[in-house]
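Undergrad: This is what each chain is made of:
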Amino acid sequence: MDLSTYITIIISTIFINNFILSRFLGLCSFIGVSKNTLPSVSMGLAVTFVTTMASIITWLIYNYILLPYNLEYLRTLSFILVIASFVQFAEIVIQKKAPALYKVFGIYLPLITVNCAVFGAAVLNTDVFFLHGHAVPGSFMKSLIQGFGAGAGFTLAMLIMSGIRERLEYADVPRSMKDIPITFIIASLMSMAFLGFSGFKI
Amino acid sequence: MIMRILTPVLAMAALGLIFGVGLAYTLKIFGIKLDPKMFKLISMLPGSNCGACGKAGCAGFAEALARGEATPSGCVVSSEEARRSIDLFLGIDYEVRTKTIAAFLCNGGIRAKNKYFYRGIKSCKAATLLFGGYKACSFGCLGLGDCVRECPFHAITIGVDGLPVVDPKKCNSCGKCMKACPKSLYVLLPEKCYYVKCRSKDTGAQTARACSSGCIACMKCEKACPSGAVKVESNLSKIDMGKCKYIGRCVEVCPTKVIAKRG
Amino acid sequence: MNQMTKFGLMLGIICLAATLVLAFTYEVTRPIIAAALYREEQEALKAIMPEADLFKPGTVGDIKYFEAMNGPALVGYCLKVTGSGYGGYMHIIVGIDTGGVIKGLRILQHMETPGLGSKINEIRLGESEPYFLKQFIGKNARTISVGNGIDAITGATISSKAVTDAINKTVTEFMEKMRQ
Amino acid sequence: MKMMGEFVKGLWRENPTFRIVLGLCPTLAVSTSVSNGIGMGVAATFVLVGSNIFVSLIRGIVPEKVRIPCFIVIIATFVTIVDLLMKAYAPALSRSLGMFVPLIVVNCMVLGRAEAFASKAPPFKSILDALGMGIGFTWALILISAIRESLGNGTILGITISRSFEPPLFMILAPGALLTIGILIALINYLTMKWKAK
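Chains as they are written, first to last, in our numbering: chain A, 1 to 202; chain B, 203 to 465; chain C, 466 to 645; chain D, 646 to 843.
Any given hint could be a false lead.
[Stated by the list, open to error] Dumping the calculated BS3-like pairs for lysine-lysine here, alpha-carbon to alpha-carbon at most 27 Å:
hint: 1; chain 1: C; residue 1: K529; chain 2: C; residue 2: K545
hint: 2; chain 1: D; residue 1: K841; chain 2: B; residue 2: K378
hint: 3; chain 1: B; residue 1: K230; chain 2: C; residue 2: K634
hint: 4; chain 1: B; residue 1: K315; chain 2: B; residue 2: K463
hint: 5; chain 1: D; residue 1: K839; chain 2: B; residue 2: K381
hint: 6; chain 1: C; residue 1: K471; chain 2: D; residue 2: K765
hint: 7; chain 1: A; residue 1: K97; chain 2: D; residue 2: K710
hint: 8; chain 1: B; residue 1: K445; chain 2: B; residue 2: K433
hint: 9; chain 1: D; residue 1: K732; chain 2: C; residue 2: K521
hint: 10; chain 1: A; residue 1: K35; chain 2: B; residue 2: K381
hint: 11; chain 1: A; residue 1: K35; chain 2: B; residue 2: K459
hint: 12; chain 1: B; residue 1: K403; chain 2: B; residue 2: K381
hint: 13; chain 1: C; residue 1: K511; chain 2: C; residue 2: K529
hint: 14; chain 1: B; residue 1: K371; chain 2: B; residue 2: K433
hint: 15; chain 1: A; residue 1: K178; chain 2: D; residue 2: K839
[Claimed, not checked] Computed far set for chain D versus chain C, every beta-carbon distance over 12 Å:
hint: 16; residue: V687
hint: 17; residue: T690
hint: 18; residue: W784
[To be verified] Incomplete in silico selection of chain A near chain D, CB under 7 Å:
hint: 19; residue: I11
hint: 20; residue: C28
hint: 21; residue: V114
Everything labelled a hint here was simulated from the structure, so no lab data went into it. Fair warning: this is a prediction, and the values are worked out from it, not measured in the lab. All residues carry an ideal CB built from backbone N, CA and C; glycine is no exception.
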């Protein structure tokens, strides 16, 4: 459990290759839901919860069912089945057990099955990890941390974007640029800022 | 060769079975009944949960529709007939919109202090460029009459207290004033309505310091309103016309007389 | 009870049918994919060791290599090298003779930023070989590093260093392992 | 004829990328070159048509709560078929599209159309809708990748079109993609407004 690798993974998934801004995963809900801050935060929380849990389950399935019988080609099918069922399962349980929590982020759960960030995180966990300059095979803890980092990076980008978009109502945006086009241009500027992070080498 | 086909098929079928039974089992234990109206609404929506309407998926949008906060046209993905059927289902015909009139949301004017003495171009847009305008309250009206000039029906005149006054008979809610005002202080509200004549999201103390008649988020209106239509969010009280029963307790109770009654 | 069986059966049958179709397609396409990969590999090997005609695969430690044979004689080795550049890992295949001198090399796959890092593989107009890789040929892999013998591409120092170090590290490790 | 309406609407009025703004992840990530754009467009169309057919076939018998997992399994099957076929017959394209071929499964457009349309319409109409949407998605992708490749790399389909100017690398990188699609949507909004005003 050496901490430095885990911190490296977290920093690299949140900043260096942020899931939305440099890997382009999870853009559909990013553009749609980031109109105001509260839904974005709860969406971010929901995504973080699901990516972390999904990374655990998909890692287990990949290493204990797919690899031994070399069925890598079933990776897409099994992962998306797991994520969809888990999201459905989580939605039912949270709706009953914690209605307050459900009000905050439960309603976003069906939105997450469609979200590319979750599936992207699960798929990336199966690739080779890439730390301190050399390729390192993934492990359970690494995929879990990467899943969490992915969710956190998603939430960070959502938060920044929703903060900007809320101020935007007071700004005088030309009619044709209203709403979606201006969001893309802001996202482009944010992605440029995040490019700055890609310089570091940990 | 056969084994290479059989093992994956059995493995995945087993996985599918486990998840199917698992879901059904959890539904049995944790399932709650969704009220039929919401269920019907959700089935009429495309169900793609894409979030393009800004709400949290279709369930969120259906809730907003039921509460009257959203209009079916908010759902970009659904086809025309789906939107019309939702309108009919909700019983409110959105095509013929209820008559709305522009309402002005600021109570400052001469009652709001100035940050600096402004001698620039007599236009709100120009004044806002200079540190958000010369009023101490950054949300407040500058009274330089952009909306007056913009209104094609001359329904807006500047009152004695330096604030624009909307003449309900002349206004036919074209929304031009909304675009003209750099502080977006205009909103289209039904003829008969209650609304808060302030948009300041600053804390109560800051608003009180900047203007003697702003909303200081004292929550009195929220507590006084019997029908729970008033809610104070980020230091600014908001009246939900869906719930409002036109009782008017909030107007009496408001210490700075910010809530206005119209019609 | 019936809801559980209905859900379970429904999802189970769909998964069963889906996997049946997939398993069948996989069996059909597996040889073709293998053939395509093999063809690509052979073509790359041929490019870096033109004089060899037979490549015997083998692994020592975790390094995959091919023994390049020209008829009975062992002409050299081709090593599969994985480097880690700016944008991600990169696959290189390098041909060396028995003494460790580089005969030829080629970058199979890399994730460097297009236009910057990807210059390591850029072929100038009228030439057939990436100009950056040309510097390696004829040099002993165990002594190369950026600065002595290999000059990095401006604006892509990390990528050039990654290529050079990866080759240097893998070949030195390979030579030691072979000596035992 | 009503049926043609279903097909045509996907091309312009309800174009998935510019009007409904769905299926963004592959659109932005892969449109660095026109060949990638075409490859991704064709793959997505194939998956869309295939999954729409099967989804509308089984729409009656699928219970409500397990609807999403069933639909998504069908879509995943088609995606894996495309992935395998692409690895076998177009290895170069498969390597350049990389991780974004399996990502078609979570492409909001595919499940969106399956849920929004196919689960409520007969198979024939769903095919038309899928074709319309697929081709709409493809031409949008080709337009974006043409702009990005020509500006960022100075080439179109690999043929260098201009030696004179030093191509601004920015267009190939992530921010360029977001900017391109932002400006394109703004342009289209502007044109439709002008056209409606006439």
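Undergrad: Decide, hint by hint, whether the structure agrees.
TA: Each hint, compared with the structure:
no.: 1; hint: K529/C to K545/C; in the structure: 6 Å, holds
no.: 2; hint: K841/D to K378/B; in the structure: 19 Å, holds
no.: 3; hint: K230/B to K634/C; in the structure: 60 Å, violated
no.: 4; hint: K315/B to K463/B; in the structure: 25 Å, holds
no.: 5; hint: K839/D to K381/B; in the structure: 19 Å, holds
no.: 6; hint: K471/C to K765/D; in the structure: 21 Å, holds
no.: 7; hint: K97/A to K710/D; in the structure: 18 Å, holds
no.: 8; hint: K445/B to K433/B; in the structure: 11 Å, holds
no.: 9; hint: K732/D to K521/C; in the structure: 25 Å, holds
no.: 10; hint: K35/A to K381/B; in the structure: 19 Å, holds
no.: 11; hint: K35/A to K459/B; in the structure: 32 Å, violated
no.: 12; hint: K403/B to K381/B; in the structure: 20 Å, holds
no.: 13; hint: K511/C to K529/C; in the structure: 17 Å, holds
no.: 14; hint: K371/B to K433/B; in the structure: 30 Å, violated
no.: 15; hint: K178/A to K839/D; in the structure: 15 Å, holds
no.: 16; hint: V687; in the structure: 17 Å, holds
no.: 17; hint: T690; in the structure: 18 Å, holds
no.: 18; hint: W784; in the structure: 24 Å, holds
no.: 19; hint: I11; in the structure: 19 Å, violated
no.: 20; hint: C28; in the structure: 4 Å, holds
no.: 21; hint: V114; in the structure: 5 Å, holds
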